[in-house]
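Number of protein chains: 2
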Amino acid sequence: MKRLGDFLNMESFDLALLEEVWSEQDFQHLRQKLLPTYPAAHYFRSGIIGSGLCVFSKHPIQEFTQHVYTLNGYPYMIHHGDWFCGKAVGLLVLHLSGLVLNVYVTHLHAEYNRQKDIYLTHRVAQAWELAQFIHHTSKKADVVLLCGDLNLHPKDLGCRLLKEWTGLHDAYLETRDFKGSEEGCTMVPENCYVNQRELEPFPFGIRIDYVLYKAVSGFYISCKTLRTTTGHDPHSGSPLSDHEALMATLCVRHSPPQHTPSPTHGPEGSQLISVLKEAWRELDLGVAQARWWATFASYVIGLGLLLLAFLCALAAGGGVREVAILLWTPSVGLLLGAGAVYLFHMQEAKGLSGARAELQHVLGRAREAQDSGPESQPALLLGQQEGDGTEEQ
Amino acid sequence: MKRLGDFLNMESFDLALLEEVWSEQDFQHLRQKLLPTYPAAHYFRSGIIGSGLCVFSKHPIQEFTQHVYTLNGYPYMIHHGDWFCGKAVGLLVLHLSGLVLNVYVTHLHAEYNRQKDIYLTHRVAQAWELAQFIHHTSKKADVVLLCGDLNLHPKDLGCRLLKEWTGLHDAYLETRDFKGSEEGCTMVPENCYVNQRELEPFPFGIRIDYVLYKAVSGFYISCKTLRTTTGHDPHSGSPLSDHEALMATLCVRHSPPQHTPSPTHGPEGSQLISVLKEAWRELDLGVAQARWWATFASYVIGLGLLLLAFLCALAAGGGVREVAILLWTPSVGLLLGAGAVYLFHMQEAKGLSGARAELQHVLGRAREAQDSGPESQPALLLGQQEGDGTEEQ
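Sequence order for the protein chains is W and L.
In terms of my numbering, the numbers along the first sequence are unbroken and rise by one, the last being 393.
In terms of my numbering, the numbers along the second sequence are unbroken and rise by one, the last being 393.
There's no promise every hint is true.
[Unchecked claim] Distance ranges between label pairs, derived from CB positions: (1) W:I118 <-> L:G218: 46 to 56 Å; (2) L:R197 <-> W:N113: 53 to 63 Å; (3) L:S274 <-> W:R253: 35 to 45 Å; (4) W:H79 <-> L:A316: 26 to 36 Å; (5) W:I118 <-> L:L305: 26 to 36 Å; (6) W:S97 <-> L:S12: 45 to 55 Å; (7) W:D14 <-> L:S12: 50 to 60 Å; (8) L:N113 <-> W:R3: 50 to 60 Å; (9) L:R291 <-> W:H79: 23 to 33 Å; (10) W:G218 <-> L:D242: 49 to 59 Å; (11) W:W22 <-> L:A316: 32 to 42 Å; (12) L:Q25 <-> W:Q271: 28 to 38 Å; (13) L:L303 <-> W:H79: 25 to 35 Å; (14) L:A288 <-> W:S23: 19 to 29 Å.
Hints in this document: simulated from the structure, not taken from any laboratory.
Keep in mind the model is a prediction, meaning the values are calculated, not measured.
Even glycine gets a Cβ: it sits at the ideal position worked out from N, Cα and C.
Starting from the given sequences, assemble the full structure and let the hints guide the process.
Take a look at the structure:
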């Protein structure tokens, strides 16, 4: 923390967005240290441990708020701990040189096993919630900036969904001046805090931290330079974190509306539809799985109740009373445990089907726009990108 | 449900917003029945039981999303059940005659005992979250409409906070043409489903359901007529619900910016500051109380661990082995229960202090605006009302 504070003070960024600052004391320590350079700061509190998100800004923060993700892993996966953090997205509104800048900082659920990722559905649901939160809260912003640890590779469903639905651009793909780790990776094998075995399939490392941005029509935003650290502290030896830092210089200019950069890849409408479909299928699978677990738990509850009744009868009837009393504890435990699992997965199913319904609605609108001919198609996308969309009337 | 469907079909509103529709099957039944009159519908899914919120619209719904409240009562208050609902605010975006209309529907935590209201802090936190959600998602809306069961009396802190921070107006106070129950009450003693004893201190009943609205500068919104049911089905005998229905006819006109109705009461800035202060104090009290419970639970955990160690020693040492084994179950139960209480109240403290930090920031800005003279004061309020606020630069 001491060295991180020194580094941030020396670099004197306009804005520094941090994740995984789990201790509020660490934040308070940093805040004191950074006060002269970054007069504005905020720590986003949520969950049991905390979201870990905080921000330091050279410019006054006009407004802030946060949205805690509805789904965030499983409470019984204690060794993974994500559920206890209450992962969230934080929003800051800044007014810079007459521009309204909405800055989002987030940290999505970690991926512990890429081959058998039990958190995939939750991460897709989080990416959708994040995209919807940005979509609905940035309608009057001139510039939107999203930074954070998405725990998503660039081609992963969640990342594509987020970019397609919000229209955000990836600083790494857009900049002409990149310096740092190979392929822009933010978890690299050179970093001594990184589990080398997990990175085995990826010789250069993985890119899961992002700087994403967009500007509304009338403004043009570009990434002048993008730098990453490369597994070491930029000055002394050991790295400041297990993830590499991303440092971007962004440039915002006024521009006639038509100069807004057109999306880089292919026919946009069909791409949006295809990624929405894919996400819908993933959430649908998740709903089915959550319901399966809830049903399974309800059978266990039934079984536990039967067992308990049987034990009570045994104890009352005498004979093997001691055995009955001994077995009473585990069967009550089973009952309570199964009850908790049932409630949790019912809530998971509700959360996932809520997100699925939102996705389905957007999918329906995108299809309508596509069916009504290529003229109206850019309108939906422009509308979506600018948070308008009156064309659908 | 059958009679409710008939009623909604016959009245043929533009928009019908319902709360406490706990069963999705009921919603699906209504949806089928209302399809010809209300082609668009949505059910907001959340929590374990569900938010109970749904909407039927004659006009297409362009977009929708939802925000589940961070704090919503206590899971161990099973007989109250609010925690299990996952109470939320639902947002619909409609485009009507070239206007962007943001419609919010919500249901806040119930008040079970007004004299000793253990949910007061949570309801204030929910009112703040609701106000912030509206504030941040309605910045490009021309008209904002909030309907729902707030479980707040008109003068309650949560209600004042919501109205002061969003600039929403109360249809009942604004309309010149009201017909219905005495004083606009929405829970009246005439209703046979209402607990008469709870209403004893309020001879006419209580007003806890609202239609609130505002229009941005350039538009003018007024409530032409407001009607309520009066404890009976409008046609046959028994009422359709324990709450009276609110039916409003709203009129939106273009108007020069200066014709925007000025807030009805006194010096606005100081009123906002005073309600923010009051809410801050309430949340601060809540944080202290949540921390007290967490500390208490941690002591119980320590005690439970000691007891368990003692019982294990007793069992191992022989002698009163049977007693030790018998006591083992309740002490493990105590440990697990206290652990759950500890985690819950830690999360409560985090959630409350998150809301308190947001409040404090807004309070600071409002004070700055007041200090810098009466000229800039309306600017903050106008900015807040219109979701702008560049004047603070």
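Evaluation of the provided hints:
{"no.": "1", "hint": "W:I118 <-> L:G218: 46 to 56 Å", "in the structure": "holds, 51 Å"}
{"no.": "2", "hint": "L:R197 <-> W:N113: 53 to 63 Å", "in the structure": "holds, 57 Å"}
{"no.": "3", "hint": "L:S274 <-> W:R253: 35 to 45 Å", "in the structure": "holds, 44 Å"}
{"no.": "4", "hint": "W:H79 <-> L:A316: 26 to 36 Å", "in the structure": "holds, 30 Å"}
{"no.": "5", "hint": "W:I118 <-> L:L305: 26 to 36 Å", "in the structure": "holds, 32 Å"}
{"no.": "6", "hint": "W:S97 <-> L:S12: 45 to 55 Å", "in the structure": "holds, 51 Å"}
{"no.": "7", "hint": "W:D14 <-> L:S12: 50 to 60 Å", "in the structure": "holds, 54 Å"}
{"no.": "8", "hint": "L:N113 <-> W:R3: 50 to 60 Å", "in the structure": "holds, 53 Å"}
{"no.": "9", "hint": "L:R291 <-> W:H79: 23 to 33 Å", "in the structure": "holds, 27 Å"}
{"no.": "10", "hint": "W:G218 <-> L:D242: 49 to 59 Å", "in the structure": "holds, 51 Å"}
{"no.": "11", "hint": "W:W22 <-> L:A316: 32 to 42 Å", "in the structure": "holds, 39 Å"}
{"no.": "12", "hint": "L:Q25 <-> W:Q271: 28 to 38 Å", "in the structure": "holds, 37 Å"}
{"no.": "13", "hint": "L:L303 <-> W:H79: 25 to 35 Å", "in the structure": "holds, 26 Å"}
{"no.": "14", "hint": "L:A288 <-> W:S23: 19 to 29 Å", "in the structure": "holds, 21 Å"}
Going down the numbered hints, you'll see the structure goes against none, and every one checks out.
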